[in-house]
Structures are given as structure tokens and as C-alpha cells.
Amino acid sequence: MNGPARTTDTTPPLDRETIGAFGPHLAYAKDGRLDTGIEPDKYVKTHCCFCGQQCGMQLKVKDNVVIGVEPWYEFPFNKGMMCPKGIKRYLQQAHPDRLLHAYAKDAGATGGFRAMAYDAAIRQTAEAIDRIQSTHGNDAFAVLSGASLTTEKTYVMGKFAHMCLRTAHIDYNGRLCMVSAAAGNKKAFGIDRAANPWEDILGAGVILVSGANIAECAPITTNYVWQAREQGAKVIVVDPRITPIARTCDLFLPVKPGRDTALFNGILHLMIEHDWIDHAFLEQHTVGFEAVAASVREWTPQRTAEVTGIAVKSIQQAAEWWGTAETSFLCHARGLEHHSNGVKNVMSAINIVLASGRIGRPNCGYATITGQGNGQGGREHGQKCDQLPGGRDLANPEHREYVAGVWGMDPAALPQPGVDAYEIIRKIDTGEIKGLLSLCFNPVVSLPDSHFVRQALEKLDFYVVIDFFLSESARYAHIVLPGSLHEEDEGTVTQTEGRVVRINKAVECPGEARPDWQIIQDIAKALGREQGLTFESPREMFEELRVASKGGIADYSGISYERIEEHYGVFWPCPSDVPDGVPLPGPQGTVRLFEPGSWNPVARGAGPFYFPDGKARLNVTPYVGPAEDVDEEFPIILTTGRVVSQFLSGNQTRRIGPLVDHCPEPRIEMHPRLAARLGIADGDWATAESRRGHCTLRASVVTTIRPDTVFIPYHWPGRKSANQLTIAAQDPISKIPEYKVCAVRVRKADAPPEYAAALEPQQ
Amino acid sequence: MPVPDALEFFIDPGRCIGCQACIQACTECDTHKGQSMIQLDYVDRAHSTQTVPVVCLHCDSPTCAEVCPADAIKRTEDGIVQTARKPRCIACNNCVLACPFGVPKMQTKMNLMMKCDMCYDRTSVGLKPWCASACPSQALAFGTREEMARLRPHAKPVNTFQFGRQTIRTKVNIMVPRDAPTDIVDVTASMHEPTIGREILDDVFMERPDGGDA
Ligand code: SF4
Ligand code: SF4
Ligand code: SF4
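If you're matching them up, the sequences are chains S and R in order.
Residues 1 to 763, numbered by the numbering used here, are exactly what the first sequence covers, in order.
Residues 1 to 214, numbered by the numbering used here, are exactly what the second sequence covers, in order.
Keep in mind the hints are simulated off the structure, nothing from the lab.
The model shown is predicted, which means the values in this text are computed figures rather than measured ones.
From the three backbone atoms N, C-alpha and C, an ideal C-beta is built for every residue, glycine too.
A hint or two may mislead.
List time: in silico DSS-like cross-link candidates among lysine-lysine, alpha-carbon distance up to 25 Å [as the list claims (entries may be wrong)]: (1) K42/S <-> K33/R; (2) K33/R <-> K30/S; (3) K30/S <-> K505/S; (4) K42/S <-> K505/S; (5) K109/R <-> K86/R; (6) K109/R <-> K62/S; (7) K33/R <-> K79/S; (8) K156/R <-> K234/S; (9) K45/S <-> K33/R; (10) K171/R <-> K86/R; (11) K86/R <-> K79/S; (12) K105/S <-> K525/S; (13) K105/R <-> K30/S; (14) K30/S <-> K109/R; (15) K86/R <-> K33/R; (16) K30/S <-> K74/R.
To list a few chain R residues with every Cβ distance to chain S over 10 Å, as calculated [what the hints assert, rightly or not]: (17) A25; (18) E28; (19) P100; (20) W130; (21) E146; (22) E147.
Now the stretches of chain R that chain S is said to cover, found in silico as 3 or more residues with beta-carbon under 8 Å [claimed, not checked]: (23) 59-67; (24) 76-89.
Given only the sequences and the hints, what does the whole structure look like? Please build it.
This is the structure we're talking about:
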């Protein structure tokens with residue numbers, strides 16, 4: 001992977017004119033939103049749009065404006081708690097930057113885009129799709145979708161691509177988020193969902209948090225962890241930074257980025273050596289232990305320490321606590337998963353869970369913490385490149401036949417699996433893909449090696465973006481269609497625990513904007529291929545999704561809007577029918593997976609795991625280092641992540657004034673020892689350079705990070721974007737990009753960057 | 001309606017994750033919309049992510065009210081020290097300077113002192129204050145003493161503070177380790193768990209993986 005640095009100029013444009021016309025500008029509460037004692041027209045119970053926890057909340061609505069939020073104390077997951085994003089999410093609605101019309105690219109217009117009639121924009125879009133597909137084949141038009149959409153919309157997106165466009169190439173931005181966990185879970189358990197409800201954290205004796213900045217990325221989980229600790233739990237945190245959750249943990253393992261598999265192999269080695277193993281469980285419920293045991297023999301504490309950069313005694317302590325625990329919960333997030341070895345990392349963590357036998361019981365749990373609003377539901381129902389609804393496989397003939405039957409089409413007409421999101425960009429670069437529709441995806445900010453992404457998007461014959469704000473990616477579009485905000489539509493979302501919750505509509509779309517699914521159906525109609533895309537409401541889509549998912553692993557057939565409302569959410573799998581003698585899940589669905597004696601459609605009673613023999617798999621996980629390691633030329637590790645006040649590419653949160661004020665701009669975080677060597681003081685401008693690009697930011701000099709690593713949060717665009725530097729190396733199975741490790745060099749900047757005087761912090 | 005006696009406010013700085021949900025929530029409070037009355041600071045960001053949230057502690061004999069020449073600050077029967085009354089406040093800043101916890105804020109634009117009134121509009125109807133509703137770590141918590149004792153068995157609430165010769169009793173409690181002495185002068189000293197201090201912290205990263213000395 002290591003090669004020469006790029007010589008061409010990789011500096012993104014400042015785009016000042018477009019920013020002037022379309023933002024991001026900051027919204028603050030004013031007028032009706034500041035009036036006190038105002039009586040809202042209604043309180044709408046719904047959930048937050050800004051992370052996979054899906055906090056329950058109530059939106060206060062007056063005259064079609066969301067004027068604020070109110071805690072929803074009864075919702076059991078968060079009981080009224082919210083992070084700053086949830087509290088201020090209402091400021092995204094009735095925002096001055098909101099797109100009220102369709103737009104066409106027009107160099108002569110202010111900001112580069114000219115407002116146009118919605119119908120004409122739909123017509124032009126359909127004509128372009130038709131032209132590209134009839135000239136270059138169906139696969140020459142690709143679709144990128146997102147995991148912050150309701151499950152109903154993700155279902156429609158999959159159906160639109162596979163049935164209407166008949167293109168193989170649809171993928172989604174969960175590719176940057178959840179896929180390593182998904183693939184690892186499928187390989188180990190045969191199912192991809194958090195194994196336990198969060199309640200099980202409360203009773204766990206040892207909590208191991210690996211690569212999850214819980215306090216900033218899943219803030220509500222903090223109270224679960226703290227509460228467990230009040231009751232005596234020991235908390236172990238694995239992270240290259242002392243994040244707020246690590247600050248008071250019982251054991252901190254400062255892993256060198258990219259070395260997680262080595263750590264878990266080393267822990268398993270010690271568990272085996274001390275016989276901290278549940279032999280009966282392994283015997284009865286798993287396969288693969290012998291091979292894994294043999295493979296970790298070489299992972300002595302000494303070797304593990306050398307590779308991971310963690311002290312021997314800390315590794316021993318972790319193994320002892322984990323090995324001898326009565327109850328435990330292991331959770332991980334992108335820190336473990338955003339690697340070219342992401343799936344292996346996940347499987348190595350699962351190995352220590354399975355070896356302990358502590359799963360499928362109260363207070364014994366395992367979960368990945370989802371990131372995006374619908375990180376869970378968004379990856380289940382057919383907008384992944386190889387997937388059909390219900391977690392079914394596009395490559396499986398039986399699955400194709402079942403779904404094609406529900407959709408009323410010939411299974412042979414369904415496309416074969418396509419390629420992942422980044423590969424779609426590569427195919428755009430090579431000219432194989434000529435047209436693109438994106439919804440809920442901001443690739444220019446969120447994909448690695450963004451210089452390459454920008455160059456590729458410029459090559460598209462036709463790019464149509466559906467969005468509520470003109471995202472940085474939409475600036476590359478030929479047509480922009482005004483879509484819907486979370487509060488302008490209804491549906492369901494599946495939150496981090498696997499609980500399906502209801503999103504309720506609070507306000508109507510403004511101007512010519514409309515619900516995303518209507519836009520998609522309008523395009524289908526203009527193409528003359530509206531068959532199967534004539535839904536009149538999200539409820540109707542959900543009813544079809546129930547049928548389409550029935551019998552699959554992600555079975556939603558027993559879930560209804562009413563049942564969700566009645567029970568504060570329903571956990572899938574929730575089949576409507578099971579064979580005689582098998583009990584149906586309780587009113588809340590399947591709350592905990594893998595309980596002894598539980599039935600599932602794959603094992604059919606053979607065991608609790610989702611394989612024909614009902615047994616879980618331990619997978620051999622040989623350690624392989626990151627794709628781009630440090631060397632003399634680029635001697636420092638760059639790792640990236642989030643801050644609590646921003647969400648993903650920031651298209652929404654960089655427009656919300658109070659959130660931007662909290663953390664206006666990204667800083668490059670480094671240890672004082674590294675800073676001293678580089679002659680950089682806190683607050684100085686520092687330039688980080690990788691083989692792919694460079695980025696100048698102010699330095700934040702803190703002892704809470706490994707001295708061999710620098711950290712940059714990734715929510716900002718253009719010249720502030722961490723993804724100018726990151727590498728597009730991907731996991732061979734999950735295709736997740738390696739956001740968490742690449743090699744950089746850092747120096748004190750010669751001068752403040754041009755953007756500092758030209759742009760506001762959020763731009 | 002008065003704030004129910006059984007419901008009390010507890011601050012547990014050891015739990016705080018610095019997320020600022022409390023600050024954002026405070027600006028949603030109907031009694032001072034748009035303004036946060038909460039003080040949240042890093043203790044020493046160069047060396048730790050520890051932050052300390054401070055709301056008004058609602059002193060039994062509020063110094064802020066005692067030094068007010070215009071008698072603008074009232075303590076209601078239920079022990080809540082209210083924000084300055086607009087017609088009376090002369091914006092003299094005495095309270096701002098006198099409060100030992102640095103709570104009152106002068107709104108220069110409005111010529112009015114504003115302070116935390118424990119979301120009187122909410123607490124007086126039995127709801128939790130906004131900050132304690134939202135706080136994801138429950139470093140700010142609102143409930144009964146019994147509930148707190150059950151949920152946090154290793155901590156105890158303290159509401160008597162010694163500042164030199166001045167003893168201050170407050171309505172709001174600060175959670176301290178159960179075996180800690182009761183004279184707590186400043187909230188950071190009351191942290192339930194010590195922060196990972198500079199030394200230890202440097203150690204964590206500087207330890208040689210093989211266990212030898214760096
Ligand atoms: S962003 Fe997540 S933690 Fe914050 S309020 Fe929304 S759902 Fe809750
Ligand atoms: S909301 Fe709670 S955790 Fe967040 S900063 Fe305030 S006190 Fe700390
Ligand atoms: S803490 Fe300060 S503002 Fe609050 S009552 Fe006491 S003296 Fe007054």
C-alpha cells in the first residue's frame with residue numbers, strides 16, 4: 001500500500017459562493033422558539049435522528065414549526081435523557097438553508113444552482129437514467145443510500161434499485177459504519193444484531209469496552225455503564241485515547257491503533273493457560289475452539305504487549321478479570337471495526353465472549369454499538385449491495401425467488417450482487433458507472449481519500465442528489481431534489497439493541513420538498529417503471545416489508561405499528577408464525593438472543609445460534625497489521641473519530657448554532673511529548689500530511705492520547721476534512737474503510753491556512 | 001405549587017463526561033430561554049477530560065440574597081433561591097461577586113441578574129429540571145434520597161460546605177465517597193472517583209510493553 005505521496009494538488013476548493021447561497025449557516029432559537037409560555041399545538045412522541053441509540057423524545061410543534069423538545073420520560077431506553085444533539089435537533093427544521101425547490105446545476109446562477117420546477121427536475125432525472133441505462137446497460141447507473149433513513153425508506157431504496165432500475169449497484173453509508181460488526185456477527189452467530197438489551201449491562205460484573213467512545217458517540221450508554229459500576233462492575237476500556245468513559249475506568253488498555261486482534265488473541269491465550277474457559281458451553285454450543293486455541297498459542301503476553309503497545313501486566317489483569325467474571329458485557333464500536341482487518345477484530349473479540357460461555361443469559365452480553373440513526377434497521381432490508389429484505393442474500397436462489405414472489409417479478413430479472421460504496425466510486429472513476437443517485441449520503445466528506453472521491457464525482461455524466469440541505473456532495477450534482485427531514489415523515493427505525501421504534505411525523509415538508517420515498521416513486525413513474533413503487537404511506541411499505549422479511553433472519557412479520565407503540569418498541573426477530581410447539585416471542589419480541597432452548601428458522605430447534613447445527617462459530621483470527629504502517633517518511637499514526645456535538649458528515653449538525661459553538665472546528669490532538677518534538681504548542685496551526693493529502697488545523701496538546709498517534713474528528717468538509725488524509729484500504733470481507741489507522745507526518749504550519757479567514761468554522 | 005420536599009438535586013461530578021447536554025438543556029428552560037445558567041469547566045484539559053458541572057446549590061442562607069442591596073433575590077418556602085426580580089434588580093453585580101460557587105450571571109443586555117432557579121416551572125409541578133432530565137451520565141440527578149442511596153451505594157450526599165469560617169448549607173447535594181470527610185470546600189475535591197491524574201496518565205502511555213521501566 002505504501003507508495004509515493006501524490007504530487008498533484010489535492011487542495012479542495014473553498015466554494016465560497018455556494019456556501020454563501022446554501023450554507024452551512026448557523027441557526028439559533030429565535031422568535032417563537034424563544035417565546036416563553038407558548039402553548040404548542042401538539043407534542044409528537046418520536047425519536048432522535050442523531051444516533052443509533054434512538055432516544056425517545058417529544059417534539060413541540062407550533063404552526064408547522066418544531067419549536068423545541070421535551071423529554072419523554074416513559075420511554076424505557078433513555079427515560080428522558082438526551083445528549084446535546086438531541087436537545088438541539090429541532091433547530092434543523094425551518095432552517096434558512098433548507099432546500100425548498102429542485103435545483104439544476106447552472107454556472108451562471110448564484111451559488112452555482114438554479115431553482116427549477118419539481119416536475120421538470122423529475123423528468124430530467126428520469127431521462128438521464130433512461131439514457132445512461134439504455135446506452136451503457138443497467139449497471140451503469142448506481143444508487144448510494146443511507147442508514148439514517150427510516151427502515152421503510154431503506155426498503156423502498158432496495159426495491160427501487162433492484163426492481164425498478166435493475167442495477168446491481170446499490171450500496172449505503174452503513175458501509176462506513178456497521179459492516180464489520182455485521183459480517184463478524186454473521187460468521188460467529190449467524191445473525192447480525194446486538195445479542196442483548198442494554199439492561200444486561202446493568203447487571204454485568206465486568207464490562208469490556210473496545211474502541212467505543214461511549215461518552216461522545218453513544219452518550220446514553222454512559223449511564224448504563226456508570227450504574228453497573230455503582231453495583232460493583234469493573235470497567236475495562238480499550239482505546240488509544242483516554243476518552244471521557246475511560247477517565248475513570250478500572251483498567252485502561254491504550255491499544256496502538258490497528259492492533260486489536262493481537263490484544264484479543266493475547267487475552268484468549270491467557271484464558272486458556274489459566275483455564276478460565278467454559279468447557280461445557282464450548283462443547284455443547286460452539287465449533288472451532290480447538291483451531292482457535294492452537295492459533296493463539298503464539299500470543300504470549302510478551303508478544304501481545306510488543307504488538308499492541310499495552311503493558312504486560314495490564315493485559316494479564318484484563319484477562320484475569322474477564323476470565324474469572326461471573327457475568328459480563330463486551331461492547332465495541334467503530335474503533336474496533338474501522339480497519340482493513342475490521343471483521344477479524346470483531347471475531348477475535350467474539351472469541352473471548354464464546355470462550356467465556358457468557359452469552360444468551362441475563363447480565364451476560366455482547367453487542368456492537370450502532371452509530372447511525374438507523375444503523376441497525378438500515379442494514380437489514382435490501383439496500384446493501386448483496387442483500388434482499390429480511391437479511392436475505394441476493395446471491396441465494398431461494399431468497400431471490402421468495403422476494404421476487406412478494407414483489408411480483410421474475411427472480412431471473414433481479415440483478416446479481418453489486419459492489420460496495422467505495423468500489424462504486426472506483427467504477428465511476430474508471431467510467432464503468434456513468435450515473436449516480438444518492439440519498440442520505442455525503443461521500444465527499446465521509447469517504448476516505450476524499451480527493452479521489454471528488455475527482456470521481458466530477459466525471460459523472462449525471463448525478464442526482466436527494467437532500468434537505470445542499471450537502472458538500474450535492475455541490476457535484478446536476479440535479480438536486482428537495483427531500484424530507486426526519487420530522488417530516490413517519491416510519492420505523494431499529495435502534496442499537498435491535499428494538500424497532502416508531503418515528504412520528506411532526507410537521508409537513510416545506511415548499512416543493514417532499515418525503516424521500518415519494519421522490520423515488522415519482523422518478524420510477526417518470527421512467528414508466530412504477531410497478532411495485534406505488535405506496536401511499538410508510539405504513540403500507542411496512543406491511544409489505546413484514547411479508548418480504550417473513551421467514552428471513554431479520555423477521556419483522558409479527559411487528560406492527562400498534563404493537564410498537566403499545567410496548568415502547570418491539571425487538572426483532574419477531575415472526576408471526578412459528579412451527580407447532582414453538583412459542584412465539586413475547587409482546588416485546590425477542591429481547592435477548594441465543595437463550596438456551598430458543599428456536600430460530602436456521603437451526604430449527606437444533607440450538608440457539610443461527611446455523612443449521614445451532615452452534616456458534618469461533619473463528620481463527622490471525623493478526624495482520626494495518627494496511628499502511630508508519631515509516632520514516634510518515635512516522636505518526638493518524639486515527640479519526642467523532643465529537644459529541646456533531647453527527648457524521650455534519651450536513652445537519654454543522655447548521656445548528658449551539659452545537660457548532662460547542663466544538664466549532666476540528667483540532668489535531670497530540671501528546672505533549674510529540675508536540676515538543678515537533679515544536680508545536682497548544683493552539684498552534686499544525687499541518688498533517690499523508691500520501692494522499694494534507695490538512696492544516698490548530699493543535700490540541702493533551703496527555704490523553706498515545707504519543708505515537710494523532711487524532712482528528714471527521715465531521716468537517718473541504719480543507720478541514722480528516723478524510724483528505726485517510727486511506728481507502730478496505731476490509732476484504734466487510735469492505736469497511738480503514739478510518740482508524742494511516743500514516744502521516746506532522747509539522748508546525750508556516751502560516752494560518754487560507755480557509756481560516758475565508759470561511760466560518762462550520763463551513 | 002412548591003417543589004415537593006422529597007425530591008432533591010444531586011451533583012456527582014465524577015460521572016460527568018463533559019457532553020454539555022446540561023448546558024443545551026438549560027437554554028431550553030422556560031424561565032430563561034436561550035441562556036444557560038450552568039457552569040461547566042474542564043479541570044485541566046491538558047491532562048484530563050474531567051469536567052465539573054455547577055448549578056446553583058440553593059443555599060439555606062443565600063449569600064447572593066444577603067449582599068443584594070435591592071432585595072431582589074428571594075428564597076421561596078421550598079428552599080429555591082429564585083432569579084433576581086426584574087423590577088428590583090439594579091444590576092450592581094454584588095451577588096455575582098459574592099456567591100462562593102460563582103453561580104449568578106449578569107445579563108448586561110437586560111441589566112438583570114439571572115441564575116439557576118432549578119427549573120422552577122418544571123420542578124414546582126413535579127417534573128425534573130431540564131439538565132437533570134437530559135444528563136446522559138446522570139452526573140446531574142433529581143430524585144429522592146432513598147432512590148439515590150439505593151442506586152449509588154458507595155456515595156453519600158453532602159450539603160454542608162466550609163468556606164473559611166463561613167458554613168454553608170445548601171438544598172442541592174454533592175455526591176462524595178461514602179467514607180469521605182464532610183467538609184468539602186470545592187466540588188472538584190468531592191469527586192466520587194479521582195481522575196486519572198497526570199502522573200498515572202503519563203504512565204499508562206509510557207509503560208514499556210514488556211513491563212520494564214521506560
Ligand atoms: S444523538 Fe443519540 S444519545 Fe444523543 S439524544 Fe440523539 S439518540 Fe440520544
Ligand atoms: S449533561 Fe451531565 S455529563 Fe453532560 S456535561 Fe452536563 S453534567 Fe456533565
Ligand atoms: S449557590 Fe450562589 S447563587 Fe445559589 S443560592 Fe447560593 S449564593 Fe445564591
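Among all the numbered hints in the text so far, which are the ones the structure does not match? 6, 11, 16, 17, 18, 20, 23, 24
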